[in-house]
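Participant: Sequence:
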Amino acid sequence: MKSTILSRRDLDFLLFEWLAADELTTRPHFAEHSRETFSDVLDLCEDLATRYFAPHNKKSDQNEPTFDGTTVTVIPEVKEAIDAFAAADLIGMSMDEQFGGAQLPATIAQAGFAWFMAANVSTAGYLMLTIANANLLVKFGSPEQVDRFVRPMLAGRFTGTMALSEPQAGSSLADIVTRAEPRDDGTYRVYGSKMWISAAEHEMSENIVHLVLAKIPGGPPGTKGISLFIVPKYQVAQDGSVGPRNDVAISGLNHKMGQRGITNTVLNFNGAVGYLVGEPHRGIVYMFHMMNEARLGVGMGAVALGYTGYLKSLQYALERPQGRPITSKDPGTPQVPIVEHADIRRMLLAQKSYAEGSLALALYCARLVDWQHSAESDPERDEATLLLDILTPIAKSWPSQWCVEANSLAIQVLGGYGYTREYDVEQHYRDNRLNPIHEGTHGIQSLDLLGRKVTARDGASLTALGEAIGQSVEAARRAGGEAADLAEDLETSWQQLVEVTMAMFASGDIEAAMANSAVYLEAFGHIVIAWMWLEQFVATGGNSGAFYDGKRQAARYFFHYELPRTGPQIQLLRSLDRTTLDMRPEWF
1 MKSTILSRRD LDFLLFEWLA ADELTTRPHF AEHSRETFSD VLDLCEDLAT
51 RYFAPHNKKS DQNEPTFDGT TVTVIPEVKE AIDAFAAADL IGMSMDEQFG
101 GAQLPATIAQ AGFAWFMAAN VSTAGYLMLT IANANLLVKF GSPEQVDRFV
151 RPMLAGRFTG TMALSEPQAG SSLADIVTRA EPRDDGTYRV YGSKMWISAA
201 EHEMSENIVH LVLAKIPGGP PGTKGISLFI VPKYQVAQDG SVGPRNDVAI
251 SGLNHKMGQR GITNTVLNFN GAVGYLVGEP HRGIVYMFHM MNEARLGVGM
301 GAVALGYTGY LKSLQYALER PQGRPITSKD PGTPQVPIVE HADIRRMLLA
351 QKSYAEGSLA LALYCARLVD WQHSAESDPE RDEATLLLDI LTPIAKSWPS
401 QWCVEANSLA IQVLGGYGYT REYDVEQHYR DNRLNPIHEG THGIQSLDLL
451 GRKVTARDGA SLTALGEAIG QSVEAARRAG GEAADLAEDL ETSWQQLVEV
501 TMAMFASGDI EAAMANSAVY LEAFGHIVIA WMWLEQFVAT GGNSGAFYDG
551 KRQAARYFFH YELPRTGPQI QLLRSLDRTT LDMRPEWF
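Position 98 of the sequence shown, counted from 1, bears residue number 98 in UniProt numbering, the numbering being contiguous throughout.
What the hints contain is simulated information worked out from the structure, not anything from laboratory work. You can take every hint at face value.
Lysine-lysine pairs mimicking DSS-like chemistry, simulated, CA-CA at most 25 angstroms apart:
(1) K59 x K2
(2) K59 x K79
(3) K58 x K2
(4) K58 x K79
(5) K312 x K58
(6) K312 x K2
(7) K256 x K312
(8) K312 x K59
(9) K139 x K224
(10) K256 x K58
(11) K256 x K59
(12) K79 x K256
Please take these sequences and the hints and turn them into a complete structure.
Facilitator: Laid out in structure tokens, this is it:
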């Protein structure tokens, strides 16, 4: 029976028929691996996700963590799943061997981790944060910090978090007030509160390593004065042994509509011992490494939830008899499965186009990470960096919007059953609805895209993306036929987007341009996903069969139903509409 967690067939297509991930093994950085080891890792991830993560997904939703004023209690199945993941040496699967990792390509690691996110996004969240925390410390921490904190995380003994937001500041990090006061022994004492900190308290690991943004007194104002600190739940001695409790405590748990299985806390630091990471006042620079990884992780989580919801609604549509063909007038004829009805197929096609298009983008971004790590020349590394910079806000936000829509459509396919708790799809919707907020809202991502990414280095990232899309267009033209027609539609949309981008900045009315940045983000994202679908359409080649026919039909759907949405959006952007700017608070 096919899995309803993810599609291994689709992963194999994207990884090996489209992205040619096995060719990464020709690069020295990944030379120890092969197509066989990649497949073995994917097999292992599917098996562990199916056996340890999926079975308690509903239980952890219905029995969220509790706090008795002293201890946070999480259902035992969560720890069992995390321990199984760690025992398989998967925490460091993409980390370099010198730090104890398996040095797998990020492309494979992300594909493998998608199984866990689709099976149980809450339990996977503890691991995602731990992995990103460890990756930051490997890049910016001292060798002693790596030994003391990272190696225990890779072994599954410690878990990790990121502590950025504060109750009074939210996403405006320039306004944080948590402070870190230096001591003569080289440590700091951290004071302040952090809000919405996931995985920040539990009893499932020996220690929790918090990465905390704080300001050293006397530093520059705003974000330039922010430093980064390791603040463990328990102090750790030089020999790695866990010592007394640090002055870190929670005042309570936040109760969310979804992803209820992962703790979410208000975290208080009352003079906790902290260790400076890197240099003072460079905390934002360092933390962006984890933030960008987390943004890609949130995007993949949204993809995974949209994908599993699609597969479950598809299975229901294939099995649920209801109604008869519109041309049948005889009530005595047998009912047909609802997948036979055109509107059900429309909703399934929409889900398929959102989920599979988003998965393609997530894996494409992971391959860019691999190109950065294994580049054989500076120009190659620079190109990968430029593309990843401009695609990160899309890879985070587009799935977080449209895979939530896929989950909504999955509920609709199931009809009345869809919004009952007996079926999974209502939980997937609730779980996924958090992702448009996690790691920066759509508004934040859109300001980043339009206000920084498209203009950085005189538009170098936008130019690099245009060249990559242009190469795909030329390949589709060489393929001829329908692929060439789709390529023309994509090129037209891309040129319109580039033109309106130039016009918005040339107008001089930056306030009006940025006021509609969310519209820009959505249009930009739709064009990028259309690019992903053109790539997949061409990758199907002349292959026949239900899988390839389904790919091509989903591409057609996206180009016929979704890409045209960008026309009115680009027209609105071109007009520099001031409706939102001119609205006054007292008019609401």
